[in-house]
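Peer 1: The chain contents come next:
Number of protein chains: 2
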Amino acid sequence: MYLDELWKNCEKLIGKEIDVHGWIRNHRPQKEFGFIDFSDGTSVKHLQIVYEKKIENFEKIVAFRNGSSIMVKGTLEKSEGKGQDYELKAKKITLIGDCPEEYPLQPKRHSLEFLRSIGYLRPRANLFQAVFRIRSVAALAIHEYFGSHGFVYFHAPLITASDCEGAGEMFQVTTLPIEKLNGEVDYKKDFFGKKASLTVSGQLQAETFATAFSKVYTFGPTFRAENSNTKTHASEFWMIEPEMAFCDLEKDMDVMEEMLKFVVSSVLKNAKEEMEFLDKFQEPGLIEKLNHLVSTKFTRVTHEEVITILKQADVKWEFAPEYGCDIAREHEKYITEYFHGPVFITNWPKDIKAFYMKQNSDGKTVAAVDLEVPGAGELMGGSQREEDYDKLFARMVELRMNTEEMEWYLNLRKFGTVPHSGFGMGFERLLIYITGVENIRDVIPYPRTPGSCDF
Amino acid sequence: MYLDELWKNCEKLIGKEIDVHGWIRNHRPQKEFGFIDFSDGTSVKHLQIVYEKKIENFEKIVAFRNGSSIMVKGTLEKSEGKGQDYELKAKKITLIGDCPEEYPLQPKRHSLEFLRSIGYLRPRANLFQAVFRIRSVAALAIHEYFGSHGFVYFHAPLITASDCEGAGEMFQVTTLPIEKLNGEVDYKKDFFGKKASLTVSGQLQAETFATAFSKVYTFGPTFRAENSNTKTHASEFWMIEPEMAFCDLEKDMDVMEEMLKFVVSSVLKNAKEEMEFLDKFQEPGLIEKLNHLVSTKFTRVTHEEVITILKQADVKWEFAPEYGCDIAREHEKYITEYFHGPVFITNWPKDIKAFYMKQNSDGKTVAAVDLEVPGAGELMGGSQREEDYDKLFARMVELRMNTEEMEWYLNLRKFGTVPHSGFGMGFERLLIYITGVENIRDVIPYPRTPGSCDF
Chain E
1 MYLDELWKNC EKLIGKEIDV HGWIRNHRPQ KEFGFIDFSD GTSVKHLQIV
51 YEKKIENFEK IVAFRNGSSI MVKGTLEKSE GKGQDYELKA KKITLIGDCP
101 EEYPLQPKRH SLEFLRSIGY LRPRANLFQA VFRIRSVAAL AIHEYFGSHG
151 FVYFHAPLIT ASDCEGAGEM FQVTTLPIEK LNGEVDYKKD FFGKKASLTV
201 SGQLQAETFA TAFSKVYTFG PTFRAENSNT KTHASEFWMI EPEMAFCDLE
251 KDMDVMEEML KFVVSSVLKN AKEEMEFLDK FQEPGLIEKL NHLVSTKFTR
301 VTHEEVITIL KQADVKWEFA PEYGCDIARE HEKYITEYFH GPVFITNWPK
351 DIKAFYMKQN SDGKTVAAVD LEVPGAGELM GGSQREEDYD KLFARMVELR
401 MNTEEMEWYL NLRKFGTVPH SGFGMGFERL LIYITGVENI RDVIPYPRTP
451 GSCDF
Chain B
1 MYLDELWKNC EKLIGKEIDV HGWIRNHRPQ KEFGFIDFSD GTSVKHLQIV
51 YEKKIENFEK IVAFRNGSSI MVKGTLEKSE GKGQDYELKA KKITLIGDCP
101 EEYPLQPKRH SLEFLRSIGY LRPRANLFQA VFRIRSVAAL AIHEYFGSHG
151 FVYFHAPLIT ASDCEGAGEM FQVTTLPIEK LNGEVDYKKD FFGKKASLTV
201 SGQLQAETFA TAFSKVYTFG PTFRAENSNT KTHASEFWMI EPEMAFCDLE
251 KDMDVMEEML KFVVSSVLKN AKEEMEFLDK FQEPGLIEKL NHLVSTKFTR
301 VTHEEVITIL KQADVKWEFA PEYGCDIARE HEKYITEYFH GPVFITNWPK
351 DIKAFYMKQN SDGKTVAAVD LEVPGAGELM GGSQREEDYD KLFARMVELR
401 MNTEEMEWYL NLRKFGTVPH SGFGMGFERL LIYITGVENI RDVIPYPRTP
451 GSCDF
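Taken in order, these protein sequences are the chains called E and B. Read in the working numbering, the first sequence has 164 at position 164, and its numbers run on one by one without any break. Read in the working numbering, the second sequence has 158 at position 158, and its numbers run on one by one without any break.
Bound-form chain E, shown alone (with noise of 0.2 Å):
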């Protein structure tokens, strides 16, 4: 039996002989009997393991160590001891894998930096035992919340032949012998007959399904080859991008905010043990904080209207705040502080945002939304797309981008077009938020990052 569904029915199993499997997280043998922390990682929640001296072999069990797997047999009786409610009275204990003295996860406290080296057994440390389950339930939040609203899962392609957004910056994709190149590279004897690269976005392949499904969402890895060594940078990450045909700015923060408002709350609900372990060790105060988030209605402010609560402010500011220009962090962590919440900043000067994004009837702002939280910075992103045919192009035109290779998005403004409106998730900027853990290193199962591809 699994541990999750003994602690769903433990009431019922109490004085029931049971069998459990699973590995040993500290053993502490005494001389007439002994202890074992026994998990199989399926619940937080580990169970405690008491054996007497009668039990068979009782001389070969107290040696088992720390890391080895076992098999009991024991009676689920409530326990007297402090820190649990339950404990296995165990009749017969099996060693199934023996885990020898030099095993690298003992019972202490390791440095994350040490963890990330032994990333396949990190899992097993308690920290990631509540990080990776959040991970898990976080993202079936997500889609429980796209699913029961009628939204389309769409799954982006991740190699893309276009380049349209930041080619710098975009992982290559070939099968072409790069050892024996000599300065000349035909693209059509490559995989694909062109040059190929990992998406950065799913964006632009959303926009052609919400405009047959109108509703639609991807949660997918992305892609970003950018030599950034910080703690917020990832080479490979997730992210869900819905997009909504027949929705403008404002729905679109509708959307925003419900939905983040609904995965925090099915994480505070179904991951509880975890949070309160999180809360306990890594971000005191990490529940009071997302209760705070569930609760507050956020605020809608223009990006014109930060910028004179800034320049009003009595602050020395590192980075002086300007109309027309982007905000830098200590404005954000400002303007959180000052609206008591989390604040949706609209209406951005249109030339530090993206091509697709509407223009606005002023000539000077697009129809943008960043989504700034307390202590976490900026969330998410979103826009209303540009609709108008002729204003796309021109736009695209100014920024001399590629139309014809473009010319399928285009088309989606020439036939049938429709107001639509969507915005971009980093799910792991989302954990990071929500576990506490500050390095996005340590919110992924496997991170890459430059210079480091391990496992």
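These are calculated hints, taken from the structure and not from any lab test. A quick note: this is a predicted structure, and the numbers were derived from the prediction, not measured. Treat the hints loosely; a few may be bogus.
As the list makes no split between identical chains, a pair holds if one copy fits it or if it spans any two.
Said to hold, decoys possible - Distance condition first, Cα-Cα at most 30 Å in a straight line; then the derived BS3-like pairs of lysine-lysine:
| no. | residue 1 | residue 2 |
| --- | --- | --- |
| 1 | K391 | K89 |
| 2 | K31 | K78 |
| 3 | K251 | K53 |
| 4 | K91 | K251 |
Chain B: place on chain E using the hints.
Peer 2: Just chain B now, kept in the frame of chain E:
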């Protein structure tokens, strides 16, 4: 209001005035009135819109073309016409986005080849409205199955530096300036400091998580640079790879069977109208085929038993069945017909299976399983994994694999090894089976195949 909401509440909405927005799928204007076959893509069920001569701008409306987007205000009524239960009596119809005469997607039968060439528009066609909604429903059903059975959803890395499985068929991932290389490649200067590729399977990494969480699954993209232009090969496809600790081959098959039945039942229930459409136009008998799958107990036979049956069969084989060898498509077909349903074939000759499979005591076979399904051939493959360090090591040496690079994988057998099993299911292969669509290019939003990487 989106149509999915309208259909959910249509009884309550009768006689009420509502707004809808969507596209003209077909327009039949008459002298005194007109009919519009209308859809916003949120439901496979279209809405019939009826307007009369007295409507504002009647002369303009009759000229609205297929593919145009419109907003309609009107009253929902029971329809007396054939083919629909409800219709919207329009009070006002507004053009949102025009659509020119040359719109390639007219309401007539187009070839699948032609529709692939307009991949960004084909999701608007009826067939793809059904197929891609089923893709979404099936994906969510997979998450629902594993989520409700205590599995942790695990995101396997896509970029990998390990090339243990079929090096020749992997895409290389690089940021080296390949146009400028001159026969010498220094991988220390590549993005990850070593040669990197796109993964062909997340299984090995999933095993590391299974020895931490017991029950895990991946659901993500995998890649194969195989130069095969067939109906069943794509270079980028999605795989589901569950992995379970404390699980032998029998339990593995239990999960395979239960999961498949759950997903198929879920599609039959939650995409009822889409399935009826496909049953009518794509594969007559489709629903009956799937109902049979759901209600049949799958047969379990060994590879050896299968060869004996094939040898005894009164059939002139193109490929003679032989003990110790793989079986051909004609054999798969015969065997599912022989047993009147899906068949698990177990204990395959070790030389035609992967290195990590558990070696049986006969010294000749491994604890592998393939699921053969009537009309689809092999739908899933799985195995119990070799948990014995020495046996696995010896097998890897025998196959001249790099054991040093794979030390982490071997170490799972050193640090508390456990019996564990898993399987893989190609998501598109499942979709071909469920939808009756024959070509893998038609169940992937934007397929990538040799020489083809469009949109």
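Peer 1: A separate judgement is required for each hint: does it hold in the structure or not?
Peer 2: Verification of the hints:
no., hint, result
1, K391 x K89, "neither (74 Å within a copy, 35 Å between copies)"
2, K31 x K78, "within (23 Å within a copy, 82 Å between copies)"
3, K251 x K53, "neither (67 Å within a copy, 35 Å between copies)"
4, K91 x K251, "between (61 Å within a copy, 25 Å between copies)"
In summary, the structure is inconsistent with hints 1 and 3 from the numbered list given earlier, while agreeing with the others.
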